Amino acid sequence: MKITTLFFGATADAVGDRVIEIELPAGATAGEAVAAVVERFPALAKQSLLFAVNQEYVGRENRVGDGDELAIFTAVSGG
Amino acid sequence: MSDKQTQGHIGLTTEPLDVGEIARRVVPPNCGAIVTLDGFVRQFTKGRETQYLVYEAYEPMALKEMRKLIDRAHEQFQIEHVAIVHRLGKLEIGETSVVIAVAAPHRRAAFEACEWLIKELKRTVPIWKKEVYADGEVWVEGEQGATPEDNSA
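So the sequences go chain by chain: A and B.
The first sequence lines up with residues 0 to 78 when you count with numbering that gives the first Met the number 0.
The second sequence lines up with residues 0 to 152 when you count with numbering that gives the first Met the number 0.
The shape of chain A in the complex, shown without the other chains (with noise of 0.2 Å):
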């Protein structure tokens, strides 16, 4: 299945990109999903991550599916 991941701020730059498509095994969860990204882009390993799935902050173990959007970032700093 395929996904599309988004990144901002500190995850942007670190990456080069904002928008990228993923390939995943079906029934992977958010953490896998996260951790596949994190293979690919080293720079992102060294920094904090959340994330969340089609706009929620969700946990490691929920299931992303076909078509979800991940978005990875660093701690928020608005204000």
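Simulated from the structure, these hints should not be mistaken for laboratory data.
Just so you know, nobody snuck in bad clues.
List time: in silico SDA-like cross-link candidates among lysine to any residue, alpha-carbon distance up to 20 Å:
| # | chain 1 | residue 1 | chain 2 | residue 2 |
| --- | --- | --- | --- | --- |
| 1 | A | LYS45 | A | ARG17 |
| 2 | B | LYS121 | A | GLU55 |
| 3 | B | LYS129 | A | VAL14 |
| 4 | A | LYS45 | B | LYS129 |
| 5 | B | LYS129 | A | LEU43 |
| 6 | B | LYS67 | A | ASN53 |
| 7 | B | LYS129 | A | SER47 |
| 8 | B | LYS118 | B | ARG107 |
| 9 | B | LYS121 | A | GLY78 |
Being a predicted model, the structure only gives us computed values, none of them experimental.
With chain A fixed as given, assemble chain B onto it according to the hints.
Leaving out everything else, chain B in the frame of chain A:
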């Protein structure tokens, strides 16, 4: 909007923010106080001089999280209306980055809700700021705090 849970205004914009206008967007007739936070760009942070800031958001999720904060604030505090507007893009020193306005029948609830809202916004709403100095720049990292507990990778 007749449901109290939905009494709120949220926004993200690259345009300058008018604090007074945002605070006065809705003033229910049973209210007697509005507490407004005007967060603006600080020139010196821990002695280091900032030239300007750049804010970036995961916009659809940021709007959802702002809406959730307003709903949660209505559950916890005796308030009638909330406005939260955050600016994005490049901001100069002294420009307003965020406005939170809370209208309530009595001031105490408005003060408490406003303080709670900015604290939660800084913890959960996906917006990031880059501080640009004379000799470099850095994406500021907030405190790790977004829910759920097992989210951080």
